[in-house]
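What follows is each chain in one-letter form.
4 protein chains.
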Amino acid sequence: MAIRVTVWNEYRHEKKNPRIAQIYPDGIHNAIAGALRQAGYEVGTATLDEPEHGLTDEVLARTDVLTWWGHMAHREVQDEVVLRVQRRVVAEGMGLIVLHSGHLSKIFTRLMGSSCNLKWREVGEKERIWVVETGHPIAQGLPEYIELEHEEMYGERFDIPAPDTLVMCSWFQGGEIFRSGCCYQRGRGRIFYFRPGHETYPTYHNSLVQKVIANAVAWVAPVGGPANNFGKKQPLEPIGER
Amino acid sequence: MAIRVTVWNEYRHEKKNPRIAQIYPDGIHNAIAGALRQAGYEVGTATLDEPEHGLTDEVLARTDVLTWWGHMAHREVQDEVVLRVQRRVVAEGMGLIVLHSGHLSKIFTRLMGSSCNLKWREVGEKERIWVVETGHPIAQGLPEYIELEHEEMYGERFDIPAPDTLVMCSWFQGGEIFRSGCCYQRGRGRIFYFRPGHETYPTYHNSLVQKVIANAVAWVAPVGGPANNFGKKQPLEPIGER
Amino acid sequence: MAIRVTVWNEYRHEKKNPRIAQIYPDGIHNAIAGALRQAGYEVGTATLDEPEHGLTDEVLARTDVLTWWGHMAHREVQDEVVLRVQRRVVAEGMGLIVLHSGHLSKIFTRLMGSSCNLKWREVGEKERIWVVETGHPIAQGLPEYIELEHEEMYGERFDIPAPDTLVMCSWFQGGEIFRSGCCYQRGRGRIFYFRPGHETYPTYHNSLVQKVIANAVAWVAPVGGPANNFGKKQPLEPIGER
Amino acid sequence: MAIRVTVWNEYRHEKKNPRIAQIYPDGIHNAIAGALRQAGYEVGTATLDEPEHGLTDEVLARTDVLTWWGHMAHREVQDEVVLRVQRRVVAEGMGLIVLHSGHLSKIFTRLMGSSCNLKWREVGEKERIWVVETGHPIAQGLPEYIELEHEEMYGERFDIPAPDTLVMCSWFQGGEIFRSGCCYQRGRGRIFYFRPGHETYPTYHNSLVQKVIANAVAWVAPVGGPANNFGKKQPLEPIGER
Numbered sequence: 020m021a022i023r024v025t026v027w028n029e030y031r032h033e034k035k036n037p038r039i040a041q042i043y044p045d046g047i048h049n050a051i052a053g054a055l056r057q058a059g060y061e062v063g064t065a066t067l068d069e070p071e072h073g074l075t076d077e078v079l080a081r082t083d084v085l086t087w088w089g090h091m092a093h094r095e096v097q098d099e100v101v102l103r104v105q106r107r108v109v110a111e112g113m114g115l116i117v118l119h120s121g122h123l124s125k126i127f128t129r130l131m132g133s134s135c136n137l138k139w140r141e142v143g144e145k146e147r148i149w150v151v152e153t154g155h156p157i158a159q160g161l162p163e164y165i166e167l168e169h170e171e172m173y174g175e176r177f178d179i180p181a182p183d184t185l186v187m188c189s190w191f192q193g194g195e196i197f198r199s200g201c202c203y204q205r206g207r208g209r210i211f212y213f214r215p216g217h218e219t220y221p222t223y224h225n226s227l228v229q230k231v232i233a234n235a236v237a238w239v240a241p242v243g244g245p246a247n248n249f250g251k252k253q254p255l256e257p258i259g260e261r
Numbered sequence: 020m021a022i023r024v025t026v027w028n029e030y031r032h033e034k035k036n037p038r039i040a041q042i043y044p045d046g047i048h049n050a051i052a053g054a055l056r057q058a059g060y061e062v063g064t065a066t067l068d069e070p071e072h073g074l075t076d077e078v079l080a081r082t083d084v085l086t087w088w089g090h091m092a093h094r095e096v097q098d099e100v101v102l103r104v105q106r107r108v109v110a111e112g113m114g115l116i117v118l119h120s121g122h123l124s125k126i127f128t129r130l131m132g133s134s135c136n137l138k139w140r141e142v143g144e145k146e147r148i149w150v151v152e153t154g155h156p157i158a159q160g161l162p163e164y165i166e167l168e169h170e171e172m173y174g175e176r177f178d179i180p181a182p183d184t185l186v187m188c189s190w191f192q193g194g195e196i197f198r199s200g201c202c203y204q205r206g207r208g209r210i211f212y213f214r215p216g217h218e219t220y221p222t223y224h225n226s227l228v229q230k231v232i233a234n235a236v237a238w239v240a241p242v243g244g245p246a247n248n249f250g251k252k253q254p255l256e257p258i259g260e261r
Numbered sequence: 020m021a022i023r024v025t026v027w028n029e030y031r032h033e034k035k036n037p038r039i040a041q042i043y044p045d046g047i048h049n050a051i052a053g054a055l056r057q058a059g060y061e062v063g064t065a066t067l068d069e070p071e072h073g074l075t076d077e078v079l080a081r082t083d084v085l086t087w088w089g090h091m092a093h094r095e096v097q098d099e100v101v102l103r104v105q106r107r108v109v110a111e112g113m114g115l116i117v118l119h120s121g122h123l124s125k126i127f128t129r130l131m132g133s134s135c136n137l138k139w140r141e142v143g144e145k146e147r148i149w150v151v152e153t154g155h156p157i158a159q160g161l162p163e164y165i166e167l168e169h170e171e172m173y174g175e176r177f178d179i180p181a182p183d184t185l186v187m188c189s190w191f192q193g194g195e196i197f198r199s200g201c202c203y204q205r206g207r208g209r210i211f212y213f214r215p216g217h218e219t220y221p222t223y224h225n226s227l228v229q230k231v232i233a234n235a236v237a238w239v240a241p242v243g244g245p246a247n248n249f250g251k252k253q254p255l256e257p258i259g260e261r
Numbered sequence: 020m021a022i023r024v025t026v027w028n029e030y031r032h033e034k035k036n037p038r039i040a041q042i043y044p045d046g047i048h049n050a051i052a053g054a055l056r057q058a059g060y061e062v063g064t065a066t067l068d069e070p071e072h073g074l075t076d077e078v079l080a081r082t083d084v085l086t087w088w089g090h091m092a093h094r095e096v097q098d099e100v101v102l103r104v105q106r107r108v109v110a111e112g113m114g115l116i117v118l119h120s121g122h123l124s125k126i127f128t129r130l131m132g133s134s135c136n137l138k139w140r141e142v143g144e145k146e147r148i149w150v151v152e153t154g155h156p157i158a159q160g161l162p163e164y165i166e167l168e169h170e171e172m173y174g175e176r177f178d179i180p181a182p183d184t185l186v187m188c189s190w191f192q193g194g195e196i197f198r199s200g201c202c203y204q205r206g207r208g209r210i211f212y213f214r215p216g217h218e219t220y221p222t223y224h225n226s227l228v229q230k231v232i233a234n235a236v237a238w239v240a241p242v243g244g245p246a247n248n249f250g251k252k253q254p255l256e257p258i259g260e261r
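Protein chains in written order, with our numbering: chain G, 20 to 261; chain F, 20 to 261; chain U, 20 to 261; chain C, 20 to 261.
There could be a bad hint or two in this list.
One copy or two, either will do: identical chains are not told apart, so a pair holds if it fits within one copy or between any two.
[Claimed, not checked] With a straight-line Cα cutoff of 20 Å, these simulated EDC-like cross-link-like pairs (lysine to aspartate or glutamate) come out:
{"#": "1", "residue 1": "Lys34", "residue 2": "Asp68"}
{"#": "2", "residue 1": "Lys138", "residue 2": "Glu111"}
{"#": "3", "residue 1": "Lys125", "residue 2": "Asp98"}
{"#": "4", "residue 1": "Lys35", "residue 2": "Glu141"}
{"#": "5", "residue 1": "Lys251", "residue 2": "Glu163"}
{"#": "6", "residue 1": "Lys125", "residue 2": "Glu99"}
{"#": "7", "residue 1": "Lys145", "residue 2": "Glu260"}
Source of the hints: derived by calculation from the structure; they are not laboratory data.
Using the sequences and the hints, build the whole thing.
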């Protein structure tokens, strides 16, 4: 059975800014969704302005992997929905892929526990994303690096917990570096943060960027390990009188 | 200058339960504080029922390391104070030592991002805490294992992010194991979770348990690395026309 | 195309000791190989006393994953073959599963860089292997723990580098714990160490033990990331006169 | 008592190349040794062409931390001495700091288990070393980044095991990035790899580079945890008839 992906997008920039609308006429979510369908996944979308941001219990129940793009309206995401997503990841193993400016989303900062803040600059400089962990499944089929002619800069210190695995690291023309492909296990769920994707550039139309996200979907997808079984337990071995 | 420690305690069990009061007549906090003073630290205490739980901005500003014991009243800890502590750890590098049932405290679950839930049993069985990372500073001066004749059992799955370093792991008489000494870096701050310390046993009077906590204070103490410098930045290298 | 596994076995105990021969009449390797064939893999075997220990360049070239069981004759394994296996793992991404007493094999200690020594006891005590990382692919389809009524004890300090991921940890009746399911990335290759499997017990006939090894084959199998491209390089960006 | 450091240097370039001799008239080792003495350590030196490369049992027995710079003559280092150093690190906890081209030294590749190979280019380009883990002791007193106007380039894939902690990452003018400050625990010993230090540049006269090495000495210094106690053990708990 195909992995079921829900591609979430804030979907505001594309509606307000004609230059962005030109790049993503159907929204960033549909650019990503199209690429993931091509990769063989079963894909739906959801956006901020839908009821419950399109992330009802029913939608999440049939979502194996959720991807998240947000930027200007992180605060408008309801806490209840954030907790629902967090629970689906931690307790039930839904995979989560957080993209670009999603680093400051409520869901990512909640799952990380740190500020997730960083340096940034928007002058359209060159980014070169180096694969440092060439043996990781997310690196499958990639070249040594991905070059993006125009991107926003994100620079260190990126205030995240050290990734369980650092798969990629970016070079920027203006002099910074950035941990740009970061793997995490949180509870039963897996999380991948992937840096590029500023709304004013056609980054999600880049076939290698699409390849990374498609690989990440497979990596974060639920695994089917033992269910949680918390609480009070009887001894498994005889203990005798204490 | 000595490291300044604030020992925080819920301080409810000791006031309500005469059996516990007998073990910790001045509260768990004063047992821990006494041991840390012996170890050469400058130590204050704070408890739940003080105003702002004893954790005002002023107190935190002069605290290098905070230790946390809580159990029955996690929910009574005000969110504002939790956020204040989280900020002191992540943004400013205050160290945090979370003890035993503090695993479900608001501050620990916020910093971890997962449920931090586990299995438990309270029959006074034997615990043997093995040092697995013998080259870690928190293992300094310890024997191969610490034996506690009577303790509450905590069992896996312990729903935490994989520790940056797993220093200790417990064996329980009833058949379980548990990752009992767990190191984390979160932002500029360091966190150590240490398992033993159920209120009905004299665990914090044990000299090896005291030694672990004293070692952990030194390990989590602030380091003095570069301050955060987030936000918009000018290029460090010439970029030219883009 | 099915993953191609070569199951390597020292194959001495089974030929010398009738009690062991009764448990593994065709050798430990054939017990493991049979289980992996059932799991859908394409499986061959190789043993110490074959020319080049059965691990010629040709055999390794068509091996995606190598499993390793050795005990009494680690020193008889030729250094040249060890280097060949190491190169296949590190440079080309062949997966490696090291079983039980293979912890002191030349190939494992070379890849780890530490002594890989441990405590042990052979009285047939009970082992209970707890899954601690329930969201890891090697935990797929497992219960919370695997109970082995009779096994050799291995105890900490296990002198290994901290695993990239600790998937399982064992409880022993005699009072020890042990990190028993350990994941590593080394170069382009992945390695899994799995503790149980003393030759005098029918451990490799246990269906859950077989399940772990089958899951591990999938996890360590080569990924197809970017090939190594070491050496002197021209600048990717203009540098000008220096 | 002061930490006792032995600074090891191949000491060939400085004797053969007048341009390098001008930068390091007393050898790279004495530049490093002088800086570490300033930092309060008790420092000796040793070089390749001394008997046993200056690393006799006696010298190692009184060495808490060994720093290693080598480049053109890695193969001339006797295997016996390499094994002696490895044993001192892994079994006894001596700290090891591997500098720059020491990445291909026998001692580093043995401890790592992978090829430790990389990309390189020697055109004197600019390097900017970013601190990514600002809360790590090795970052103490550092600014956000260290800028070296002229250095050799090292580029990814750097074929090392993922560091236990990645403290620093370099940006290069020519378009590459590199994991340049890498922490490892191996056995009872700690290892720090620090990238910069090509022999044709005055890198070890840079006060921030000196600061990193001085901080690293404190971090890798032996800790005094439980000694190894491998081998056959009696049960700690009653097992009964099996």
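Verification of the hints:
1. When the C-alpha separation of Lys34 and Asp68 is checked against a cutoff of 20 Å, the pair qualifies only within one copy, where the shortest distance is 12 Å, while the shortest distance between copies is 51 Å.
2. Proximity of Lys138 to Glu111 under the C-alpha cut-off of 20 Å is restricted to the inter-copy arrangement: shortest distance 18 Å between copies versus 33 Å within a copy.
3. Taking the closest pair of Cα atoms, Lys125 and Asp98 come within 20 Å of each other both inside a single copy (8 Å) and across two copies (16 Å).
4. Taking CA atoms no more than 20 Å apart as the test, Lys35 paired with Glu141 passes inside one copy only; the shortest distance there is 19 Å, against 49 Å between copies.
5. In this homomeric assembly, Lys251 and Glu163 come within 20 Å of each other (Cα to Cα) only across copies, at 15 Å, whereas the closest approach inside a single copy is 50 Å.
6. Taking identical chains as interchangeable, the C-alpha atoms of Lys125 and Glu99 lie at most 20 Å apart whether they share a chain (11 Å) or sit on different chains (17 Å).
7. Taking CA atoms no more than 20 Å apart as the test, Lys145 paired with Glu260 passes between copies only; the shortest distance there is 12 Å, against 70 Å inside one copy.
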